[in-house]
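Construct all of the structure, not just a fragment, from the sequences and the given hints.
Residue numbers for the sequence shown follow our numbering, beginning at 1 and rising by one.
Quick caveat, the hints were computed from the structure, so don't treat them as lab data.
Be aware that one or more of the hints could be misleading.
Unchecked claim - Straight-line Cα separation of at most 16 Å, EDC-like style, residue types lysine to aspartate or glutamate; simulated pairs: (1) K221 <-> E16; (2) K209 <-> D24; (3) K221 <-> E7; (4) K174 <-> E164; (5) K174 <-> D156; (6) K174 <-> D108; (7) K174 <-> E191; (8) K65 <-> D43; (9) K65 <-> E47; (10) K209 <-> E16; (11) K65 <-> E10; (12) K76 <-> D108; (13) K174 <-> D188; (14) K221 <-> D43; (15) K221 <-> E10; (16) K103 <-> D82.
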Amino acid sequence: MAAAPDELIEGWLREEQQPFSGWDFSYLDGRMVVEREPWSYLDRAAELMGQSSSVVDLETGGGEKLIALRDHWPAKVAATEDYAPNYELASGRLSPLGAAVVKAAVSDTAAMPFADAEFDLVLNRHAAFNAQEVVRVLSSGGSFLTQQVHGMWAWDLLAAFDSEPQWPDATLAKYVPLLEAAGLTVVDAEEWEGSLAFTDVGAIVYYLKAAPWEVPGFTVKTHLRYLFALQQRLDAGEDLAFHAALYLIEATKP
Numbered sequence: 001m002a003a004a005p006d007e008l009i010e011g012w013l014r015e016e017q018q019p020f021s022g023w024d025f026s027y028l029d030g031r032m033v034v035e036r037e038p039w040s041y042l043d044r045a046a047e048l049m050g051q052s053s054s055v056v057d058l059e060t061g062g063g064e065k066l067i068a069l070r071d072h073w074p075a076k077v078a079a080t081e082d083y084a085p086n087y088e089l090a091s092g093r094l095s096p097l098g099a100a101v102v103k104a105a106v107s108d109t110a111a112m113p114f115a116d117a118e119f120d121l122v123l124n125r126h127a128a129f130n131a132q133e134v135v136r137v138l139s140s141g142g143s144f145l146t147q148q149v150h151g152m153w154a155w156d157l158l159a160a161f162d163s164e165p166q167w168p169d170a171t172l173a174k175y176v177p178l179l180e181a182a183g184l185t186v187v188d189a190e191e192w193e194g195s196l197a198f199t200d201v202g203a204i205v206y207y208l209k210a211a212p213w214e215v216p217g218f219t220v221k222t223h224l225r226y227l228f229a230l231q232q233r234l235d236a237g238e239d240l241a242f243h244a245a246l247y248l249i250e251a252t253k254p
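This is the structure:
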């Protein structure tokens, strides 16, 4: 028997109030399912760490991925994070392990607060980057590894809320030439498409609150008609599955 509208709204409001920190979606385990890309960013990052004496992780979030790589850390480890709650979280997790956590914004235009050729490895998972700055802070022979969310990620989920991707040009075709123009040699470039699926509408509520740039201004109360439309799809037996896409670039500095 389908839940009453008031019960649905009450449940969605509870999801909206659930805490979210770092970049940890474990709350949605079993409710949000993303198909696996054919590569392993963490495995490749671990291999590159083994060839490096220093590494910086750009926009580390709560430091989740660096901690997952703890057994492979080189002698010098640094990370950046600008969002204050995540900076505090990352500092508390990483600093006791000997990593330097720097509060700094990373964008496609901002300078990074590091010396020339300071790092053998620059890691970037799902964050912006300035190609010229990546080249500057890399040592000769150093590597840059980035996994990025494709600009058209979840375009059909966004369309269900009358929204659209803000960065549709964030693609492999855009960033490979930018990195090459900055002076890097691209040694691997891969892209993947798959699905992002949710078992219930409440999981979508949590996801959109955790990633507020997807549907700007999203709240349960202001987007009820869209949520009920998704619920109708679910009640009709339709899967709540949407477009997922990622790309991976590895490049070296001559």
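For the pair we were handed, K174 and D188, check the Cα-Cα distance against 16 Å.
holds (15 Å)
Does E7 sit within 16 Å of K221, going by the straight-line distance between their CA atoms?
It holds: about 14 Å lies between the C-alpha atoms, which stays within 16 Å.
Quickly compare the C-alpha distance for K221 and E10 to 16 Å and report which way the hint goes.
Distance ~11 Å between K221 and E10 Cα, so the pair holds.
Check the hint pairing K65 with E47 against an upper bound of 16 Å on the C-alpha distance.
Answer holds: K65 to E47 is near 14 Å, not above 16 Å.
Distance restraint between K76 and D108, which requires alpha-carbon spacing of 16 Å or less:
Cα-Cα ~25 Å, so violated.
Tell me if the straight-line CA distance from K65 to D43 falls inside 16 Å.
holds (11 Å)
K174 and E191 were given as a pair; does the straight-line alpha-carbon distance stay at or below 16 Å?
holds (13 Å)
Given the hinted pair K209 and E16, is their Cα-Cα distance within 16 Å?
holds (7 Å)
Are the Cα atoms of K174 and D108 separated by 16 Å or less?
holds (13 Å)
Is it true that the CA of K65 sits at most 16 Å from the CA of E10?
Violated, at roughly 34 Å.
If you draw a straight line from the CA of K174 to the CA of D156, is it 16 Å or shorter?
Distance ~22 Å between K174 and D156 Cα, so the pair is violated.
Quick one, are K221 and E16 close enough, alpha carbons at most 16 Å?
holds (10 Å)
Hint violations for this structure: numbers 4, 5, 11, 12, 14, all remaining hints satisfied.
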